[in-house]
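Make the full structure from the sequences, and use the hints.
For the sequence shown, the residue numbers in the working numbering are 6 to 59.
Honestly, I wouldn't trust all of these hints.
To be verified - Cβ pair distances, simulated, as ranges: (1) Ala58 x Arg12: 14 to 22 Å; (2) Glu27 x Arg55: 16 to 24 Å; (3) Gly51 x Val10: 26 to 34 Å; (4) Pro28 x His57: 24 to 32 Å; (5) Gln8 x Gly56: 12 to 20 Å; (6) Glu19 x Gly45: 29 to 37 Å.
Derived by calculation from the structure, the hints in this document are not laboratory data.
Quick caveat, the model's predicted, so the values are computed rather than measured.
Quick reminder that beta carbons are idealized off the backbone N, C-alpha and C, glycines included.
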Amino acid sequence: MPQTVTRDVDRIVERYVAVWSEPDAVARERTVGELWAPDGVEFVEGTQFRGHAS
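Dropping the structure here:
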């Protein structure tokens with residue numbers, strides 16, 4: 006993987022992990038809006054989460 010792509014992926018992963026412990030609700034909502042599509046779906050241990058409000 007080219008170094009630029011690796012840095013981009015690393016940055017996305019850092020932001021993804023950080024959003025789960027962000028105490029500021031406004032900052033958390035903004036970051037979720039930047040990282041996920043409005044109708045995005047995530048599956049965790051058999052549970053489905055759909056959209057930003059999940």
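Against the structure, the hints:
1. Ala58 x Arg12: 14 to 22 Å: violated (31 Å)
2. Glu27 x Arg55: 16 to 24 Å: Distance hint for Glu27, Arg55 holds at roughly 21 Å.
3. Gly51 x Val10: 26 to 34 Å: Holds, at about 31 Å.
4. Pro28 x His57: 24 to 32 Å: violated (18 Å)
5. Gln8 x Gly56: 12 to 20 Å: violated (34 Å)
6. Glu19 x Gly45: 29 to 37 Å: For Gly45 against Glu19, whose Cβ atoms are near 19 Å apart, the range 29 to 37 Å is violated.
Figure legend: structure checked against the earlier numbered hints; hints not met, in rising order: 1, 4, 5 and 6.
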